[in-house]
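Peer 1: So the protein sequences, as listed, match chains A and B.
For the first sequence, the positions run 1 to 702 when the working numbering is used.
For the second sequence, the positions run 1 to 702 when the working numbering is used.
Bear in mind the hints are in silico, worked out from the structure with no lab data behind them.
Just so you know, even glycine gets a beta-carbon here, dropped at the ideal spot from N, CA and C.
A hint or two may mislead.
Said to hold, decoys possible - Which chain A residues face chain B? A few, computed with CB under 10 Å, are given here: (1) V453; (2) V454; (3) Q479; (4) L480; (5) Q546; (6) L556.
Protein chains: 2
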Amino acid sequence: MLAELVCLHVFALRLIHYAKVIPRDKFWKDPKNICMIAILALTLVDMIIYGALHAAGFYALRWSRVLRPLLLVNVTEGRQVGHVIPRGRPTGPERIAGLPPTPCARVKLRRAIRSIRNTLPQILSVFLLFIFSILIFSLMALKLFSKRGLTTADGAPYFSNYADAVFDLYVLVTTANSPDVMMPAYDAGSAFAVFFIVYVLVNTYIFMSVFLAVVFNNYKKYLKEEVRQLVRAKWRKMARAFAVLRESPEDGGEGRGEPLVSRASWNRLVRSVQPDISRAHTELLWSVSDDDNRGAIDERSFVQLADLLNIEVITLKSRPHPLDRLCPALYRSAPSRLVCRSVRHRAFAVAYDVVILINAVFIGLDEEEPMIANSEWAFLALYLLEILLKLYVIEPRTFFSAHSFWNWFDTIIVVCALVATVINAALESSGRYTSRQILDIVFILRVLRLIRVVDSIERFRTIMNTLIRIGPAILTFGQLVLVVYYVFAVVGMELFAGKVKFYEDAGDPARADCGNALLRGSAFARLGYCKNNFNNVVAAFVLLVQLTVVNQWHILSSGFTAVTHKSARIYFVLFHVVVVIVIINIFVAFVLEAFFLEYSLDKSDLHTELEKKIEQLQLGVAQDAMEDNLVGATETSDLEQPAEQSESSKHKLMFKIASKRYRTVDALLQRLFEADLEREDDDAADVRDGNGNFANPSFGAA
Amino acid sequence: MLAELVCLHVFALRLIHYAKVIPRDKFWKDPKNICMIAILALTLVDMIIYGALHAAGFYALRWSRVLRPLLLVNVTEGRQVGHVIPRGRPTGPERIAGLPPTPCARVKLRRAIRSIRNTLPQILSVFLLFIFSILIFSLMALKLFSKRGLTTADGAPYFSNYADAVFDLYVLVTTANSPDVMMPAYDAGSAFAVFFIVYVLVNTYIFMSVFLAVVFNNYKKYLKEEVRQLVRAKWRKMARAFAVLRESPEDGGEGRGEPLVSRASWNRLVRSVQPDISRAHTELLWSVSDDDNRGAIDERSFVQLADLLNIEVITLKSRPHPLDRLCPALYRSAPSRLVCRSVRHRAFAVAYDVVILINAVFIGLDEEEPMIANSEWAFLALYLLEILLKLYVIEPRTFFSAHSFWNWFDTIIVVCALVATVINAALESSGRYTSRQILDIVFILRVLRLIRVVDSIERFRTIMNTLIRIGPAILTFGQLVLVVYYVFAVVGMELFAGKVKFYEDAGDPARADCGNALLRGSAFARLGYCKNNFNNVVAAFVLLVQLTVVNQWHILSSGFTAVTHKSARIYFVLFHVVVVIVIINIFVAFVLEAFFLEYSLDKSDLHTELEKKIEQLQLGVAQDAMEDNLVGATETSDLEQPAEQSESSKHKLMFKIASKRYRTVDALLQRLFEADLEREDDDAADVRDGNGNFANPSFGAA
């Protein structure tokens, strides 16, 4: 509670600070702020009540904990506030510099939640029809089976009352009690199988697909609307920035009276937006914007800047190898060149793939045999040798560039495995003591090393790259799931904490009924689910994951209804509806959409133009290397280096567009809906804001 | 075997007949025919071998049964053959009359199978990566858990060997053993939950979504290609038909040398394609095609004909009510008019919705109480009264028109319920004997009656209509699933028939181990799954449905591996891969696509033009009635009738486009990909066939 009080203070102080900075009327108009104040007040009230009741020895409920995720979601965007306003320069390039803001995780999360909220009414219609269908089928089941004197496998009456029938059939939708619920009727008469097959077909297959379709469709619709608003805001703000920075054509005297932005102010702008951008990258962007070399750009090209900055351009610096600088005679000698050539040869990669496969077999064998245990040192040495050889051939900073995922992966895994193995060996030789934890880590690292083989198979690499690319989007949903899980975990802990206990000692007789006599002989206790309880947040989260997976959902929930009341089913059904029907479907929808994008769309026109420019300026990496993975690309750039050594210093830099990859999820989303946005905005004149002279930049066409 | 021999003869005779009709070289070039001959020969060989072995008392396998579905799929398209060729007129309108052919179910099925076959290579890549992931995780599980001395809830060793670890983790992907497989490790240490959560996230959620995405994407791609070929073939054939039917402009002397088709030959064509088309409908279509009343149409309009015929136009004949004809004085009297007005009033529908709700409550109550049992008669009378009243008001042929789904539904259900209730009552009063079967039917009919309430709630109606509309597409997949099920059922019966037996008598001690000592004490027998066996086709199908639902999949399969051999797992894993990963995903993909179509597309331009024409000619039903359901529309047409009575006989007919509904799945598919087809074909000049003068009709623009 002390920790919570401190947190409350921090949030309150932040809000007060924010209220001081922001104009008063604006502050009170923002529902987020009012929501924050309400949550803080309610939390405080709850804490006081709880403290008082607790002190007086009464039972008290900490209900305000459910509100905590809202606090997280509603916190005002720290970055934008902290970045733009405190500097006290409300106009000028720095204000625009905040734009296009890379929305922080919280904004993305809030947007995801808003999209879901907007999707709900549509889902509700289908959901009601779905519930109606369950009610009708339950009524039929009640009429058909209740009077036959059938019993379930446990000897309980079969479909004996309506509420239980509805619940049983709801569980059947999740498929958790799939053949069991049908068996008594099926045993009584084969024709009854038709009832259950029709039920599963209608409710599990068709309705669940319809849910996915509705969620997918609505989620996409509202997301598109959000993205459209964002894009329009961006264009509008870029146009306003243009109005601030433009030099009136009368001053310059050139052009046909068209306002232009000079290179100097453009440079200043870019540098203030991205202080870490390289000069060469800036030059490249400028050359794309100022296509006809006028020394200034018009509004159309200026507005593109935000999108240009969102295209991830990898700057490859082809530096000479440090050994080459230190002792060129040795590094350029014939044996050294032979080493370099052999390491770069395909056979080297193939040889190591074979090593990995042999290693996989050895891992599978019993590690307690001394021969196997010692072979591990040999494999470690081989892997270390590989990394060292590669470092000998490839310039270290290139080898460890930010985009060389597999190089980083390899090195970290091998070094960690080395350290862990050494520690383990040291522990073992001294005092004969083996730490199970360290051994576990060693095992995991050993197996993880095998994953590397995926990268050397072409057909797997493309799938892996797609998966890695949609990773950030999945993380956004991870946050969303965490927030929902947290709410359910807190509610679950209030309802069920301490009711089901787990006893570490396998011999403890209390283990048989999870420390609760009500569970004696229940399926929950019999299957050994005692550790699935709400006694702490971690256990609650693990339990919620199991409920999300759905299987044995009815047995897990039956355990908690047994120790409390039948109405506890509401909690579990609610969790199923919220997480499995809504959130998992949105997750699937997003993965689908991201995959369709990867399959159907190629690079945007802006991308293409940037690439063309890179090619024109002969700064590019060979096309075939681009198709290759990043390690390959870096190697190629390294290979080309000696030939370019003699050329101008400018040519030491090479660019490569991380094809189809975007800096932010926003840019991805914009690309996702670009075609639609364009079409709709072409005839929508209302985007043109107060500046009047702002023509919509046509996104696709450069 | 006798039945099979007869079937073989039929197929063989058919093939010989076909070979006689078709040119010899064409017959032998068709892989379908060769496939058929091979299957017939193999089946015959199999039957002889089986007969011989069986007669000699040896064990024999009827392996050729697996080939039977291929026979079904490969049968030559009976309709096209029977319809076009035997008439012996290879040219002229009748030949074209076969086009656009409504492809028979078998063709659609074959197309669906072809699409799946084309999708497989892409799925394979993802599948291999998925298997690789399972292998890696299994290796990790083996290393982490095998040496800890853990046991499962059954006391079996936990992850003790690699093959079992792989199988257990594969089962976890299906979520069938969800918390159970994790519990021993979780009990040993909370941190191990992370391993299983990561596993489920990667393999169940991400990989399964990727499967859906890949299947969806590829299936759509290949389906689109198929549809494109179909559409092109249609256009080409329509153009050829035009070339046959056109009158050279020199003869007519009118026009600018453009070839035209006269109304007379057009009429002949339409009547030979659709003999049952009404004259008014023909006139309507002609007026759409011949927009500027030239009395002849050019190629562009002519080619549209196939699509025009595919738009479902409902002809509403506003006939006077038979009672009105028989005794107009009575039917038009004030009380009769009052009855008509009150039945058409909204309150009438609302009153009956209330009746249905009350009935639902009564059904839920115990039907053995005499009050409740007698109330059933009252409800039946009320429902009958409703139908009779509606028949009094609405012209019977309108009431029972093909598209009045709910009228048909109501009447059939009520009449069946009446008949069944009367039979039941008769049986009960005589001899005190109650037939359980008839009572079951009565119960089902009673509950089904309640579904009608869905139609009176607007938000449900739209969803229901969409579901009814995608019904035919679902049926195509139903066939596909049946074929796959049949193959697996036959294989399963060969492998497992008679191994697991079900004993009807609950007291039979053999019931405890399903008549097989190997199952004693197994989870399969304990859960009472004995009736889930492969002893006959029906039982096999029910079991396969349960395996499709996936839950308890591992227990069902463990039963059959226990009575045979561990390698029987291959059968169950294969079934899961084929049905759950491939076919169910395609099913979901199709439902998704159909729903997206319903949501995103409005009527086609051709639709719109047809509608405009109907409006122009004042033949339409009021727009608001069109939005209403079909009963409403018919009622409206009936209401308007007295006013139109005096007008020309032509006005007695009214048209209504069954909005967005298509006659065939093909037309739906064409519409599905229309936008893409157009775009691609606009610049694809290769569609223009030998006729040279054939310009592609732009599909969207009339």
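Peer 1: Now, for every hint given, state plainly whether the structure supports it.
Peer 2: Status of each hint after checking the structure:
| no. | hint | in the structure |
| --- | --- | --- |
| 1 | V453 | holds, 8 Å |
| 2 | V454 | holds, 7 Å |
| 3 | Q479 | violated, 14 Å |
| 4 | L480 | violated, 14 Å |
| 5 | Q546 | holds, 5 Å |
| 6 | L556 | holds, 7 Å |
Checked against the numbered hints given earlier, the structure breaks hints 3, 4 and satisfies all the rest.
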